[in-house]
Amino acid sequence: MHSKASLGLKIAAIGGLLFLHLPILLIFVYAFTTEDKSYQWPPPGLTLQWFEVTWNRPDVWQALGLSLKVASISTLIAIVLGTLCAAAVARSKFFGRETISLLVILPIALPGIITGISLRSAFNIADIPFSTWTIILGHATFCIVVVYNNAVARFRRTSSSLIEASMDLGATYWQTLRFVILPNMATAILAGGMLAFALSFDEVIVTTFTAGQQQTLPIWMLEELVRPRQRPVTNVVAMVVVLVTFLPILGAYYLTRGTETVAGQGK
Amino acid sequence: MAKAVRSPLSDALWRRPNLLLLLLITPPLLWLGIVYIGSLFALLVQSFFSIDEFSGLINYEFTLKTYGELLRASNFDILVRTIAMASAVTIGAAIVAFPIAYYAARYARGKWKAVFYLGVMLPLWSSYLVKVYSWKLILAKEGILNWLFETLHLSWVLEAYLSIPGIGGNSLSVSWTGTFLVFLYVWLPFMILPIQASLERVPPSMLEASGDLGAKPGQTLRHVILPLALPGIIAGSIFTFSLTMGDYIIPQIVGTSARMIGQAVYQFQGTAGNIPLAAAFAVVPIVVMGIYLTLAKRAGAFDAL
Chain A
1348 MHSKASLGLK IAAIGGLLFL HLPILLIFVY AFTTEDKSYQ WPPPGLTLQW
1398 FEVTWNRPDV WQALGLSLKV ASISTLIAIV LGTLCAAAVA RSKFFGRETI
1448 SLLVILPIAL PGIITGISLR SAFNIADIPF STWTIILGHA TFCIVVVYNN
1498 AVARFRRTSS SLIEASMDLG ATYWQTLRFV ILPNMATAIL AGGMLAFALS
1548 FDEVIVTTFT AGQQQTLPIW MLEELVRPRQ RPVTNVVAMV VVLVTFLPIL
1598 GAYYLTRGTE TVAGQGK
Chain B
4 MAKAVRSPLS DALWRRPNLL LLLLITPPLL WLGIVYIGSL FALLVQSFFS
54 IDEFSGLINY EFTLKTYGEL LRASNFDILV RTIAMASAVT IGAAIVAFPI
104 AYYAARYARG KWKAVFYLGV MLPLWSSYLV KVYSWKLILA KEGILNWLFE
154 TLHLSWVLEA YLSIPGIGGN SLSVSWTGTF LVFLYVWLPF MILPIQASLE
204 RVPPSMLEAS GDLGAKPGQT LRHVILPLAL PGIIAGSIFT FSLTMGDYII
254 PQIVGTSARM IGQAVYQFQG TAGNIPLAAA FAVVPIVVMG IYLTLAKRAG
304 AFDAL
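In the order they appear, the protein sequences are chains A and B.
Under our numbering, the first residue of the first sequence carries the number 1348, and numbering increases by one thereafter.
Under our numbering, the first residue of the second sequence carries the number 4, and numbering increases by one thereafter.
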């Protein structure tokens, strides 16, 4: 076996990475184009004016506000439920443990449209009107797994003798939780939370079924994709969305770097 | 002394670990049980109702008629088309993903390891809609791909390709090839990561042994590396297959007017108001994924997740 990669393999690997990144970089170029009627390439000229136009659009701000609100609340719910679930599954073996891991993973293992239409028909049957909370209900459900995955990996690495030692030395459960368990878990939970936030901020398929007339930022983009009204504004929003989602991903990466499981390997 | 400091609750939890377990597991279980399983159940129930053809109202009586409608030619085509697309995307993704995963697992070291890692992670997590949008830009008639073909004086190749019935069309953005490319692009990272994880567990000594015993690199790849990477490939295929099968946005934005399951579900529950048929359509991916997951579990794919 050669210890150096063959040229063909190198080309295939680097080519694959370029294939993954060039389309996203293309968006960055389009955000500056002067052309506003078509997707003409190469751009006839470059300008910054669309950033100002986008800044003054109330519908974009409204959609952004709703997205941030939904993502924050869903993330908080997912952090609580995902951590609890991870604590239970990692700490003890009990009947039905496998079923619970499956149950947590199911909302993202099944296609989003299934989750979407299931929630829709449940809202229908139960006569629940659409609101911000119906969106959050859906988002929190599929965000639990992201937090769970990160937390369960960290729980498994945290030695249980630490907790026993703390209790033996007279700490109550709450003191042990506060001074031993939480500091150990913090970065994993935070990383999971950041990924959950990114997932919720970007979600569109489930949201179309649970939002009614409300517009989150992805729904706003979807409308623009299906019926383009002002292409340059869409270009700018797309670029900003890419930049905004990169931050939590990089954050989660640096928080869990060097541990045996790095956050974000499963979406 | 210690006893006095401890609260009775702490004592109770320590003596009965099951009580603690119950406290931990109840909130997430209630949430998932009510919100998710409850909703899935609501969906399943709806698929056994039918729609009255004259009044358009839902007839709340148990019937298998709605499932029977799935077998009607126009509906059955949708199922076949979707499963064919999901299979094509899965195979395409495995072929493109393997070299990336192999290089990242075996040759990338130090700084390059991080480059490959983030190079897969960032596209995986960046906005789905933005990724689809970027392909709308690429495939547009006045877009970069056509420009590239024209600049290289290769437009005739593209036109010859687009004239092939079935996969071609008026332009790439309204052809099945276009839909396939976007699916491949969007789900590719889901295939790379599990393959890379399974390849990282292959000890280099095993590859050396294969070489020492006289195998050519191609033989080592076929008889040693691929079988060991198979669980990873199957794990990745679960994602690519399931995600393609349920998607309704990509075929709506890039592709022909022929529908896939996701679009059918969306239209039947929305404009057509035929929730029972939409529900029956949605049950198909659940059943297909159920079979797929059972087979994958037998092949040991879950260890590679």
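Don't read these hints as lab results, they were simulated from the structure.
From the three backbone atoms N, C-alpha and C, an ideal C-beta is built for every residue, glycine too.
Treat the hints with caution; some may be incorrect.
[As the list claims (entries may be wrong)] For lysine-lysine, the following DSS-like pairs were computed, each having C-alpha atoms within a straight-line distance of at most 30 Å: (1) B/K114 <-> A/K1351; (2) A/K1384 <-> B/K139; (3) B/K219 <-> B/K144; (4) B/K300 <-> A/K1440.
[Claimed, not checked] Taking CB as the label site, the calculated pair distances span: (5) B/L231 <-> A/I1358: 43 to 53 Å; (6) A/L1365 <-> B/P206: 24 to 34 Å; (7) B/W159 <-> A/T1381: 50 to 60 Å; (8) B/M209 <-> A/D1383: 56 to 66 Å; (9) B/R18 <-> A/L1449: 26 to 36 Å; (10) A/T1479 <-> B/L47: 26 to 36 Å; (11) B/V118 <-> A/T1505: 49 to 59 Å; (12) B/V48 <-> A/W1480: 40 to 50 Å; (13) B/T297 <-> A/R1503: 23 to 33 Å; (14) A/L1365 <-> B/V48: 41 to 51 Å; (15) A/N1471 <-> B/G293: 40 to 50 Å; (16) B/V48 <-> A/F1442: 26 to 36 Å; (17) A/Y1601 <-> B/H226: 14 to 24 Å.
CB-CB spacing for A/R1503 and B/T297 relative to the 23 to 33 Å hint: Hint holds: Cβ distance 26 Å, inside 23 to 33 Å.
Please test the hint of 49 to 59 Å on the beta carbon pair from B/V118 and A/T1505. Given range 49 to 59 Å: violated, Cβ gap about 31 Å.
Taking only the CA atoms, is the gap from B/K219 to B/K144 under or equal to 30 Å? Measuring from Cα to Cα gives roughly 46 Å; hence the hint is violated.
Consistency of beta-carbon spacing, A/F1442 to B/V48, with hint 26 to 36 Å: holds, 28 Å
Taken at face value, is the distance from the CA of B/K139 to the CA of A/K1384 at most 30 Å? Cα-Cα ~14 Å, so holds.
A range of 26 to 36 Å was offered for this pair. Does it hold for the Cβ distance of B/R18 and A/L1449? Since the Cβ atoms of B/R18 and A/L1449 sit about 31 Å apart, the hinted range of 26 to 36 Å holds.
C-beta pair A/T1479, B/L47: status relative to the range 26 to 36 Å that was hinted: Between A/T1479 and B/L47, where Cβ atoms are some 28 Å apart, the hint holds.
Is it true that A/L1365 and B/P206 lie within 24 to 34 Å of each other by Cβ? holds, 31 Å
At the C-beta level, are A/L1365 and B/V48 separated by a distance inside 41 to 51 Å? Cβ of A/L1365 to Cβ of B/V48: about 48 Å, so the range 41 to 51 Å holds.
Given a hinted range of 40 to 50 Å, is it respected by the beta-carbon distance of B/V48 and A/W1480? violated, 23 Å
Take a look at whether the Cβ-Cβ distance between B/L231 and A/I1358 falls inside 43 to 53 Å. Given a distance of about 24 Å, which is not inside 43 to 53 Å, the answer is violated.
Given a hinted range of 14 to 24 Å, is it respected by the beta-carbon distance of A/Y1601 and B/H226? violated, 40 Å
Of the numbered hints listed earlier, those contradicted by the structure are 3, 5, 7, 11, 12, 15 and 17.
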